[in-house]
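Trainee: Chain by chain, the residues run as shown.
Number of protein chains: 8
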Amino acid sequence: MNKPYVRLDKNDAAVLLVDHQAGLLSLVRDIEPDRFKNNVLALADLAKYFQLPTILTTSFEQGPNGPLVPELKEAFPDAPYIARPGQINAWDNEDFVAAIRATGKKQLIIAGVVTEVCVAFPALAALEEGYEVFVVTDASGTFNELTRHSAWDRMSAAGAQLMTWFGVACELHRDWRNDIEGLGTLFSNHIPDYRNLITSYNTLNSGK
Amino acid sequence: MNKPYVRLDKNDAAVLLVDHQAGLLSLVRDIEPDRFKNNVLALADLAKYFQLPTILTTSFEQGPNGPLVPELKEAFPDAPYIARPGQINAWDNEDFVAAIRATGKKQLIIAGVVTEVCVAFPALAALEEGYEVFVVTDASGTFNELTRHSAWDRMSAAGAQLMTWFGVACELHRDWRNDIEGLGTLFSNHIPDYRNLITSYNTLNSGK
Amino acid sequence: MNKPYVRLDKNDAAVLLVDHQAGLLSLVRDIEPDRFKNNVLALADLAKYFQLPTILTTSFEQGPNGPLVPELKEAFPDAPYIARPGQINAWDNEDFVAAIRATGKKQLIIAGVVTEVCVAFPALAALEEGYEVFVVTDASGTFNELTRHSAWDRMSAAGAQLMTWFGVACELHRDWRNDIEGLGTLFSNHIPDYRNLITSYNTLNSGK
Amino acid sequence: MNKPYVRLDKNDAAVLLVDHQAGLLSLVRDIEPDRFKNNVLALADLAKYFQLPTILTTSFEQGPNGPLVPELKEAFPDAPYIARPGQINAWDNEDFVAAIRATGKKQLIIAGVVTEVCVAFPALAALEEGYEVFVVTDASGTFNELTRHSAWDRMSAAGAQLMTWFGVACELHRDWRNDIEGLGTLFSNHIPDYRNLITSYNTLNSGK
Amino acid sequence: MNKPYVRLDKNDAAVLLVDHQAGLLSLVRDIEPDRFKNNVLALADLAKYFQLPTILTTSFEQGPNGPLVPELKEAFPDAPYIARPGQINAWDNEDFVAAIRATGKKQLIIAGVVTEVCVAFPALAALEEGYEVFVVTDASGTFNELTRHSAWDRMSAAGAQLMTWFGVACELHRDWRNDIEGLGTLFSNHIPDYRNLITSYNTLNSGK
Amino acid sequence: MNKPYVRLDKNDAAVLLVDHQAGLLSLVRDIEPDRFKNNVLALADLAKYFQLPTILTTSFEQGPNGPLVPELKEAFPDAPYIARPGQINAWDNEDFVAAIRATGKKQLIIAGVVTEVCVAFPALAALEEGYEVFVVTDASGTFNELTRHSAWDRMSAAGAQLMTWFGVACELHRDWRNDIEGLGTLFSNHIPDYRNLITSYNTLNSGK
Amino acid sequence: MNKPYVRLDKNDAAVLLVDHQAGLLSLVRDIEPDRFKNNVLALADLAKYFQLPTILTTSFEQGPNGPLVPELKEAFPDAPYIARPGQINAWDNEDFVAAIRATGKKQLIIAGVVTEVCVAFPALAALEEGYEVFVVTDASGTFNELTRHSAWDRMSAAGAQLMTWFGVACELHRDWRNDIEGLGTLFSNHIPDYRNLITSYNTLNSGK
Amino acid sequence: MNKPYVRLDKNDAAVLLVDHQAGLLSLVRDIEPDRFKNNVLALADLAKYFQLPTILTTSFEQGPNGPLVPELKEAFPDAPYIARPGQINAWDNEDFVAAIRATGKKQLIIAGVVTEVCVAFPALAALEEGYEVFVVTDASGTFNELTRHSAWDRMSAAGAQLMTWFGVACELHRDWRNDIEGLGTLFSNHIPDYRNLITSYNTLNSGK
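Protein chains in written order, with the UniProt record's numbering: chain A, 1 to 208; chain B, 1 to 208; chain C, 1 to 208; chain D, 1 to 208; chain E, 1 to 208; chain F, 1 to 208; chain G, 1 to 208; chain H, 1 to 208.
Just chain A, same shape as in the assembly (with noise of 0.2 Å):
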């Protein structure tokens, strides 16, 4: 009866950007601004870092909602980019969920703006599907904590995983020594507390 124990392996993830866009991100307020785009940029620095395959996608980039946000667009230069004609719901968009078919994964990471809408009803739409569904929770954003709460209601009793971009990095990682250097940086360029500590930790360890 409970949620079985699904884990997330990097063989089999990929990761869905929706929406992240420069005016839309103007509505994002149930997060603060320099913490909301540090999470969205830890994403995709982790889905670089495990080389997983992603996925972007916009709507009406033209219109008033505004381009996607530029980091996004240079980090994955090569990703599929589906910037939709009109379907609110991506899933709804024939391309991306061909695209998301070519990956071969079933395990899907999605995070965006807004998240009742751009993250819940894709998430809704591949769990239907049978896929497993990790909700990267701190990297999309929406209006108040009322939206928030009512979108994670709504995903998680369809089965969707909550997680942030920590826990999906450490799920993927499994143990430090694949890579202690690499995933020490991830940790270190957007996490302050870390950083003071590797920071301080090298400072005592070079005196010796």
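Don't read these hints as lab results, they were simulated from the structure.
Since this is a predicted model, take the numbers as computed values, not measurements.
C-beta: ideal position from N, C-alpha, C; glycine also.
Treat each hint with caution, since some may be false.
Said to hold, decoys possible - Listed next, the in silico EDC-like pairs over lysine to aspartate or glutamate satisfying Cα-Cα at most 20 Å (straight line):
1) E:3 <-> G:45
2) B:3 <-> A:132
3) C:48 <-> C:32
4) F:3 <-> C:132
5) H:105 <-> H:71
6) H:106 <-> H:128
7) G:3 <-> H:132
8) C:48 <-> C:71
9) G:10 <-> H:92
10) C:106 <-> C:12
11) G:106 <-> G:132
12) G:3 <-> H:129
13) C:48 <-> C:12
14) C:3 <-> B:32
15) G:3 <-> H:95
16) A:48 <-> A:78
17) E:3 <-> G:128
18) H:3 <-> D:132
19) F:3 <-> C:129
20) A:10 <-> F:92
21) F:10 <-> C:92
22) H:3 <-> D:129
23) B:3 <-> A:128
24) E:10 <-> G:92
25) H:10 <-> D:61
26) B:10 <-> A:132
27) A:3 <-> F:132
28) D:3 <-> E:129
29) B:3 <-> A:129
30) C:3 <-> B:175
Stated by the list, open to error - So these bits of chain G aren't anywhere near chain H, every CB distance computed over 10 Å:
31) 60
32) 67
33) 91
34) 101
35) 104
36) 128
37) 132
What the hints assert, rightly or not - Computed from the model, here is a short list of chain A residues facing chain F with C-beta under 7 Å:
38) 10
39) 12
40) 162
With chain A held as given, fit chains B, C, D, E, F, G and H onto it using these hints.
Mentor: For chains B, C, D, E, F, G and H alone, coordinates are given in the frame of chain A:
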């Protein structure tokens, strides 16, 4: 074991507005008044925009609970309007249930004041009778966060989908190409941040 | 798969007030004292108003936990009163369970201090024995929000319904026509905003 | 040693609206958007209601800061409108100061975006020149509470009076008998709780 | 340069209760209703306990603002009661000021609804005329924290002392030996935590 | 369909303390440091009091994560202590799992830093292997509320019971008569409010 | 016009601990209990560390207010201890003032329960008599934030310096070279984050 | 009687960065780490942009306080760098004061960790010596809001101006025409919302 993905369909959905009365609104303290007023009017506007059958009901409006908010009365001049003689759960009123049945819809979008009673009671009854229930959490208000979360927990556990008016509008619309102007106006009227995006966009565009 | 709609029935419900003791109340910090006192007294008043069999129990009242709050003792002079000699979970006390069985009711409305222990333990035990359990969340207090949410999660997952005293009163009453005066007085005494509505209404009406 | 009671006088007051531009508004995160929009429009409405000379100014409106919010432009079609070519402190712009001097008023009611810069800088400069300055705190927005409280502290210490639009309206009006209808409409349009009081009152009264 | 220590003296203090009306109370959202009701009644009780001359005033009580809260009317049946015909600042009403002068006191303890207007305006006027003003912050309510802090800043800068009802009671009483029973009862009736201390103490003591 | 009532049994429970390391603790920002330190030490004290087999594990303690908090090392000098060479999920470490199996217990009480990773990963793995898992939410810390609630949702959905150290102690103890002195001391040392109750009680009692 | 820089001098300072009694502590709800207990004990430790003359006083400790917290009694066995027979403002007690005068110090460091009364009243009186007053804000507790901020405003306006125990310790110590070990131990015992820094540092250093 | 308008002048200002050390940063809990890191780096960037003389100082950087944050060291390779041997108040260090005097500036912009000590102490000392002091509140961090507000109150009362890095940058720059590109880049790098405005603007503009 997971809740299946029940997707709102504009051809199969009706809206129930329960007890948004001038007196009862003074009890709503879990959402700030400017925001709550906007959310309720946004829900009314989307019901009209998608031409969803809408049913109004009130509790004791001659007494201290006060009359239905005039804006709602004006928005739906021809809607069934059930002034309940005493039933607290609107579903206990035969006229109310008959009005719902008369719509022939099986998806019910519910909002009201207060969440734990006027929304939760009919939502639970409707679920029991097999309806698909969508609670508009941000157009439903109550005393404080304790009673909100108690009500959400009870409704979600019983199978209701928690959404906000924005998510409802997006799921009903499906594709911007169905009508960019209309949905854009709805959003512009009820989301100040979105209105600003459009203002800046139009100004720049018209300057070309 | 959803929790079914279990509706409170005034002919089949009993109230359990667990450990509202003068000393233990100083541990309650997740609800502000003025509000908490009001909620507990409102629950007592509704139990009397609906003539629900009510059972009082305390833990070690000769020690630092202190005596039962006098208002509750006075409200239910003839109620079974089980001063437990040591059992932390009231359900482990045979007299307590016997008193519940003696009521012949199968719906239990529970509140107490502290939520995670004095409420959750008997609630979980009662559910296991097939009772329908309604936790009055706002008449139950505990140390902080961490422990509250942990307790709510555990009880809700086990099948308890989370409600507040206002929702309980409304679900028990069903129809205002059963007694307008009585329920109105209950609300007026415990909801300042409601009292104000009535005051304004009566003043205007009497002026006609 | 105490700040003397400087009382707003509708015959001696002018309103300065500084940089309420569509782009800059996305920076405002210390007040929720629905509330902030309402506060700014309420201030505009009261300026018109009391026929106070009003001066509009913007910073770089051709660039990313975006155009003045259209509602303000429409509300004051004949007001002095100073699109500053670059001065951050509006008081550094000679046309702006000239427009203020032309009003002949010595009380300045100021609001703008963002509080710490666009409001505080001209407020401090105006105080230095001997004006009486009233900052409308709830029609002025900024990044977060840190910057708000820093700005309030600096302005208050320099002699500014901190008020909200409601206090400004009340101090200007002095006596309801000057015009019940007009002020009541202003409040009803911008204070949902007040509108509800009026709705209930009128319904009851008309029923006599 | 510092504000001198002006100490409340029960022989030289009067209480002004301004506009605690049933309708206006629905505007108060910076203090939770159960707490606010308790604070206002505690202030009334202390005024009676110390036999301070008390003056009641209301604004437009025939209209939507509603009647004075009945508990206050009953508490002070013989107090001067000035139903203002329109003046927003009670100090603009000659009867109100005359009633104050008639008390012969020079210390004024003020509370009311809403803080920024009904409290701050007469407080500022009284300071200007040389009265010593004590604002009872927790028996004065307003729309939200923005308006509260603006009002507090304005009053404090003008020389008002900000206190709560508990501080006022303690400063007036000076020494428990003047009357233990009386002050203890006042606290027990309005501070649940204190009542619990007394309950536990009495139980233990009586058991000796 | 409901989660059954799994009750902690002191004869069948073991405690897992995961990664409470001096460096990692600086990452914990969802619980205030004084409270968090107290909670962790309270959990350690209760493990000793109930003589529960306890297992300590750390991640990379030679590096920036830092050493295990000395208080824990001292509290359990003979406990299995697994310094993991790299596995992020402690359950991936064979020695750790072997140590758990060696206890012969089937109830696991888990706490650690950070909640989403060091607690959730082994909790999910243990559930999958049929253990009954009790997460001590207030002795587990993480970055912020977003990551906490994501982790709680994932663990609860998988069948874990969320509790705090106080609830764990009470459910293990069952009956005060088993040892009043011992449990009282535990509570007195870690709950300031409880200590105060005992202090007042003892003073009054000794005065008899 | 600005408050001058009055710097704490360990040769000219005394500490006043007012009414930290077991019963009264249950009234403190503006600071979480674990943190408050730590702050009070930290202040006691620093008073001893700097060998500052310290004066204890209590109000009615035979009654419900309860005895002085035992830790304070033990920390200062030889300190003047004034159990006031009834004066609410400790400064009204001649023995208390005499004890202060006997120290010959002109800087008074004050903390107590509750802030608005037991701290503010003697602080205001001491200022009036020309003492330099330093209020330890985090070792002083009260009912809620309303009463805290009212009390802070009154004391600050009268010339008191608001500090916390950490600032007091640093200003008294002046230079780490006076005693690294001692101050480091004080901080390590009362600032968990600082303790962790030292733990990590010592571990790394000892490894050299 | 009011504080006069002291306006920052880029030709007369120096920046003091006090104790932003890797270890001490773990003590900062009144500002979220992502935001705090951004604020500190923004202040560094603006100091460089306006070519303000900048002085770095640290406390015990060989010990647990840890080394200066590397980003600051790199940003100001040629700045005076005073590693204090023990003085807690940097102003007690002659080299530090000499370095300030050597700049010949009379306006000091100060930020540091922790606010109440490392910022407030030198700020108070500088004010006493006649400097104009500007505290950058959002690039200064401390334990919690209690200590922050105590420190702000003490500094403001002594004559310091509280500002944030954004206000400082704007007041120094005075007029966008001095350099649009440079200031725009500074804002774009440190204000995500502003960066988004620019991204959208440039995209639309380049499309012309």
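Trainee: Evaluate each hint against the coordinates.
Mentor: Hint by hint, here is what the structure shows:
no., hint, in the structure
1, E:3 <-> G:45, "violated, 33 Å"
2, B:3 <-> A:132, "holds, 14 Å"
3, C:48 <-> C:32, "violated, 25 Å"
4, F:3 <-> C:132, "holds, 14 Å"
5, H:105 <-> H:71, "violated, 25 Å"
6, H:106 <-> H:128, "holds, 13 Å"
7, G:3 <-> H:132, "holds, 14 Å"
8, C:48 <-> C:71, "holds, 13 Å"
9, G:10 <-> H:92, "holds, 16 Å"
10, C:106 <-> C:12, "holds, 6 Å"
11, G:106 <-> G:132, "holds, 6 Å"
12, G:3 <-> H:129, "holds, 13 Å"
13, C:48 <-> C:12, "holds, 15 Å"
14, C:3 <-> B:32, "violated, 31 Å"
15, G:3 <-> H:95, "violated, 27 Å"
16, A:48 <-> A:78, "holds, 12 Å"
17, E:3 <-> G:128, "holds, 10 Å"
18, H:3 <-> D:132, "holds, 14 Å"
19, F:3 <-> C:129, "holds, 13 Å"
20, A:10 <-> F:92, "holds, 16 Å"
21, F:10 <-> C:92, "holds, 16 Å"
22, H:3 <-> D:129, "holds, 13 Å"
23, B:3 <-> A:128, "holds, 10 Å"
24, E:10 <-> G:92, "holds, 16 Å"
25, H:10 <-> D:61, "violated, 26 Å"
26, B:10 <-> A:132, "violated, 28 Å"
27, A:3 <-> F:132, "holds, 14 Å"
28, D:3 <-> E:129, "holds, 13 Å"
29, B:3 <-> A:129, "holds, 13 Å"
30, C:3 <-> B:175, "violated, 34 Å"
31, 60, "holds, 28 Å"
32, 67, "holds, 27 Å"
33, 91, "holds, 22 Å"
34, 101, "holds, 27 Å"
35, 104, "holds, 25 Å"
36, 128, "holds, 18 Å"
37, 132, "holds, 13 Å"
38, 10, "violated, 13 Å"
39, 12, "violated, 17 Å"
40, 162, "holds, 4 Å"
When the structure is compared with the earlier hints, violations turn up for hints 1, 3, 5, 14, 15, 25, 26, 30, 38 and 39 and for no others.
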